[in-house]
Every structure is written in structure tokens, then in C-alpha cells.
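Asks: Add chain B with the ligands to chain A, keeping to what the hints say.
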Amino acid sequence: MDIVVCIKRVPATDSAIKIAADGKSIDPAGVQFELNAYDEFALEQALRTKEQLGAGTVTVVTVGSKDAQKELRDCLARGADKAVLLTTDQWMYDGTNTAEALAAWIKTVPCNLVFCGRQAVDSDNNQLPANLATRLGFACVTEVAKLTLDGGVFTAERDIEGAREVVTCKTPAVISCNKGLNEPRYANLKGIMAAKKKPLEEAAAQLPAAGMEIVSLALPPARPAGRIVGQGVDAVPALIDALRNEAKAI
Amino acid sequence: MSNIVVIAEVRGGQLKRPSLEAVTAALQLAAGTGGKVVAVACGEGLDAACADLAKSGAQQVIAIEGAAFANYSGDAWAKAIAEQAKGVSANAVLMAHTAMGKDLLPRVAALLDASVTTDVVAVAFEGGAFTAQKPVFAGKAILTAKSSKPVFCATLRPNNFAAASGGSGAEVTKVAAPAGDLLSVVKEIVSSSSGRTPLQEAKVVVAGGRGLKEADNFKLVEDLAAAFGTGVAAVGASRAVVDAGWRPHREQVGQTGKVVAPQLYIAIGISGAIQHLAGMRTARTIVAINKDPDAPIFKVADYGIVGDAFEVVPALTKAIAEIASH
Ligand SMILES: Cc1cc2nc3c(=O)[nH]c(=O)nc-3n(C[C@H](O)[C@H](O)[C@H](O)COP(=O)(O)OP(=O)(O)OC[C@H]3O[C@@H](n4cnc5c(N)ncnc54)[C@H](O)[C@@H]3O)c2cc1C
Ligand SMILES: Nc1ncnc2c1ncn2[C@@H]1O[C@H](COP(=O)(O)O)[C@@H](O)[C@H]1O
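Note that the protein sequences, when read in sequence, are chains A and B. Residues in the first sequence are numbered from 34 upward in steps of one, following our numbering. Residues in the second sequence are numbered from 168 upward in steps of one, following our numbering.
Isolated chain A (complex conformation):
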């Protein structure tokens, strides 16, 4: 199996977000970046699939800035064989052109399985894997929380509202990974040393115009200040009164 893992470098989840002067992007000053949390599950699943089959390759790819070399190296240190950086200076917020760029590249390499994260926690799109799969003509299951591979057919489980779906899926496929699928491994010293010798290729991303053009990026309206209605059990009647008569929530 030739496996591709799509990863993204994103602001750490506890970052404070400030809007840049252009009103269309974030001010990166003071923001820590990291590997998108869900992409760790995607990489881990790729490594486990290769281990299960006893053969194959794991290539990590991102469409992003040169800074993403750091996250790609981390993936190599965890066990990926090869990394590819499709470079752009833009913030990749649009699922459509990101999918187009990734599909164009995937078509040029041997690939019959793609793992993605469920969602990139910057644009919070949750759309790229299904979009990419359709462009590649691959099968796809999204938000997978459990996965088994038997005889070239996947059985995947995913949570839907109030229930769990069991889905069968042929290969070639794109699988998007949710939390709970596996426990990602971290890089050890040996892996970090080995990663230095592994290939990290760079090429300019073939990036069409975005399907959505940014008009503005703004902070959300602040919630009106709330209030402490009281201390301890004695405050319950005041809370009930506020919920009934003020908020009309009960």
C-alpha cells in the first residue's frame, strides 16, 4: 500500500487570536504553531496500516509555508518514510483550492490510500477529505473512530447524531481520522536521528484561486457580561428566577 498522509501546521489550540492590520488574516506574532491534533491520528493510522501489511510507504504532504518543514520533520521522526512540502505563502483556508492542489500532486505519485485528520483546527473546515476523495475518484469515510482493514476492504465506525455508523469502504480510499481512533506515538531519539536522513522534498504548490475569497476576519462579538447570582445552594431560587423571567430559557 502506498499511503499519503495530509497534514497541516496550525496555531496551537490555546493560542490567543489577534487580527492583522489587513483585517483578513491573523497576526502571527506570539502564536505557537503545531501539527494539527487530528493529523496525529492520521499519521499513526498510516504507520499502523503499513505495519499490519508488512510493506508499503508512508509519505506525508502539506500545502503550506516553508515553516511547515518542522511539522513534516516531526512526522518523519515518528516513522513516515518521506515528506513533501507543496509551498505557498498563503494561509490555506479554502477547502476547494487545497483539495485541487493536493489532488493534482497525488495523481503524480503512487498512492492508493490517503489518511487525513477530521478537521484542521485553524479554518475548522471539515471538508477537505471528502472533497479530495471525490476529485481522485477514491472511496471515502470521514470522522472515523474505529478502523479495520481486511482483504483490501475497510470497515470503519463513525459517530453520527445519537448513534454509530458502521461503514464498509473499498480501496483506493481517503479516510479522515477522529479522536479515539488510536493513541499516536511520539518521536524518540532514534526516530529524530533517522529523520535527518529521510527525504523532504519541496515544490511550489499548483494552487488555483480560492473558491471563497476572504472579505473579512474579525473577532466574534463579545458576550454581554454575565453575573454571579449568588453563593451555594441558597442561590438556586435566584438562578431559576433569572432563567425563567430574564433569559426565558426554561
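Do not rely on the hints blindly, as some may be mistaken.
Straight line, CA to CA, 25 Å or less: simulated SDA-like cross-link-like pairs of lysine to any residue [to be verified]:
#, chain 1, residue 1, chain 2, residue 2
1, B, K425, A, V199
2, B, K425, A, T46
3, A, K179, B, T423
4, A, K140, B, K425
Beyond 12 Å from chain B on every Cβ pair, some chain A residues (computed) [said to hold, decoys possible]:
#, residue
5, V64
6, R106
7, I225
8, K231
9, P232
10, L233
Derived from the structure by calculation, the hints contain no laboratory data. Backbone N, C-alpha and C fix where the C-beta goes; we use that ideal spot for every residue, glycine too.
Replies: Just chain B with the ligands now, kept in the frame of chain A:
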């Protein structure tokens, strides 16, 4: 013609409420484009759902129906829907941002070479272009973007638009579900909540955190949720208690869990970490019960009680049960 397609979600023969919310958004866009709203449903046994759609305000209903579509298949359904969208010259395709919507709409968009925006909280048709607003960076910012493609696709955050009603009875057209190769297909749906209200559909979410000390004490949270009456409230959890194995991941609220926007969110023994707030800050009313007056959750809460959950929650449960029974 600038027609707007709404992909309706039908489960167990029932039209899901967020689909009616999508009709509301579609009607709003159609008022701008001068087109009509066409609802498209896929599956088997769609009569009841189509009857509801026909009364929703949509001007036309298309049911792609048959045994081949008895179970959800993202690839096969997307193809059939994209064909219908082309057939009615749709300029926009909307669906609710549900597990199915997130899986299906990006495929339809790819087939239509459309733009796609997900988890949308507002849409507009202005100056000849579709615009959409969506939270990004876990709700820490709001992105407004304009479609630069001939077709615009969007999934809409549930509980954010009113459910459409009051249409005069649209015509329902049936199309046979095409049989063909299914690349992926749902084999089985296992209920995981034994009849409980799904988290993202609940009007009220009662969520507990590490302040509850141990798994068994979640009974306090469950009792409070139950006090609201059948089908009203769902139980949520912070990541700390999910990681501790007290609650399943499907109950986790937050950046790496579920985003909920209920009418009422009650956070019990939850500190209010930025990643938790990402999942609930757009709830209409937020209540926090925490023994630490400096807990960050009080910064977003409309109403707070500083106190011990073990004392406050049973009293609150009693008071809510009394109201619910009247
Ligand atoms: C990448 C990443 C993603 C994350 N995603 C999520 C996510 O999706 N959702 C999420 O929730 N978290 C998420 N987190 C974790 C988050 O940072 C917090 O660690 C977590 O939300 C804390 O859970 P908690 O509030 O239950 O626990 P704590 O922070 O330990 O808070 C417990 C609270 O209970 C109060 N308390 C204690 N005893 C009582 C009592 N008797 N009565 C009343 N109050 C009491 C305390 O004052 C305290 O405020 C994420 C973290 C990372 C790094
Ligand atoms: N710029 C990118 N480069 C490579 N993979 C990406 C990129 N953006 C998103 N992905 C992949 O698609 C998944 C879902 O992202 P999204 O649909 O943008 O929320 C992510 O978890 C990644 O696996």
C-alpha cells in the same frame, strides 16, 4: 435561474429538524437571487419526510428514492444529488452541518466544481455574489467570505436558523435511485445513546467536568438533564473527564469534541479552558456552577453560582423538575 437546492437529511423515515433550518437559509438567499428553493431527499420510504418538506416553504421537492439508496453511500448519493442540482440549474446547495452534511456536501461541491464553506452561521446574496460567515480558530474569530465560483455550497450550523414552516404545499417529484457501484456504504447503525437526545440537537446541554471528582458522580449531571423532561436535555462532558474514561468521547464538548449551540448550557465543575469554550460559547444562555469564583467559565457565563456542585446541583434538579412537571 438562480435556484437554491437544500439537501434534506432523512433518518428512519423522519426529516431531521436542521434540514428545515437549511430551508430557512435557502429561502433567504432565494429572495435575493429571485430563484426558487428545491429540496432534495435521498433514501427509501421518503413519503412522510417529503410531505413535511412540501409544507416547509420550498417550492419544489425531489425524492431520489429506491432500494439502491436504502443505506447512505456518500459517493453514490453525491453523484445523484449533483445531477439533480445541475438539472434545476442550482447556483447554491445548502445542507445542515451534521455528520451526514459534513460528509456529503463537500463531495457534491467537488462534482459541481463549486466553492464550499462549512459550519456557516450566516449567509447572504449581495452584489451578485454569495457570502457566508463561519467561525474559525475554534470560534476565536469569524471569517466572512465571498464565493468566486458559479456554484456556492454551504453546510449550516444547527440551532442557528429558525426551522422553516408554513409553505403552501410544493409538488413532489420522484426519481428512481440509480443502482451502481457503491465505493462506501453504511452497513449498520448502532444506537449509542439508548433513546437519549443527541448532544447537538438538544435544547439544553448539562455538562460536567473534573469538579465532579469521579465517574459515578455524573449521576448528578444525568439527573439534572432528566429533570427537564424527555427529549429536552443531553449530557456533555469536558475533555478532562473523557480522557479519564468517565464519559465516552461522543459526549465531549469543545474544540476536539462537539460544538453545541443549545438554548441553555449548564457547566458543572468545568473550569472553562479555551478549548472547552470553543464548543459552547455560542449557546444562547450559559450557566456555570463552580466552587472557584475565579474560574474562567464565569467570564462567558450569563449566570453563575459559586458553590459546591454536590450541594447546588441536587437543589437545582429539584427546582427544574418542579417546573417541568407543571
Ligand atoms: C489540543 C487540545 C484540545 C483540547 N480539546 C478540548 C475539548 O474539546 N474540550 C475540552 O473540554 N477540553 C479540551 N482540552 C482540554 C482543556 O485544555 C482542559 O484541560 C479541560 O477542558 C479541563 O477540563 P475540566 O474543566 O473538567 O477540568 P479542570 O480544568 O480541572 O476544572 C475542574 C473545575 O471544577 C471545579 N470544581 C472542583 N470541585 C468542585 C465542586 N465540588 N463543585 C463545583 N466545582 C468544582 C474547579 O474549581 C475547576 O474549575 C484540549 C486541550 C488540548 C491541548
Ligand atoms: N493545507 C493542507 N495541506 C495538507 N493537508 C491538509 C491541508 N488542509 C487540510 N488538510 C487535511 O485535511 C484535513 C481536514 O482539513 P479541513 O477540511 O481543512 O478542516 C486535515 O486534518 C488535514 O489532514
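Asks: Indicate, hint by hint, whether the structure satisfies it.
Replies: Verification of the hints:
Between the alpha carbons of K425/B and V199/A the distance comes to roughly 20 Å, so the proposed pair stays at or under 25 Å and holds. Simply put, K425/B and T46/A have alpha-carbon atoms about 15 Å apart, close enough for the 25 Å limit, and the pair holds. This hinted pair checks out: K179/A and T423/B have alpha carbons roughly 17 Å apart, not beyond 25 Å. About 34 Å separates the Cα atoms of K140/A and K425/B, which puts this hinted pair outside 25 Å; it is violated.
Distance check for V64/A against chain B: the nearest CB is about 10 Å away, which does not clear 12 Å, and the non-interface claim fails. With a closest Cβ-Cβ approach of about 24 Å to chain B, R106/A is found to remain outside the 12 Å limit, as its non-interface label requires. Every beta carbon of chain B lies more than 12 Å from that of I225/A, the smallest distance being close to 26 Å; the non-interface claim holds. Every beta carbon of chain B lies more than 12 Å from that of K231/A, the smallest distance being close to 29 Å; the non-interface claim holds.
With a closest Cβ-Cβ approach of about 30 Å to chain B, P232/A is found to remain outside the 12 Å limit, as its non-interface label requires. No beta-carbon of chain B comes within 12 Å of the beta-carbon of L233/A; the shortest separation is about 28 Å.
Violated hints for the displayed structure, listed by number in ascending order: 4 and 5.
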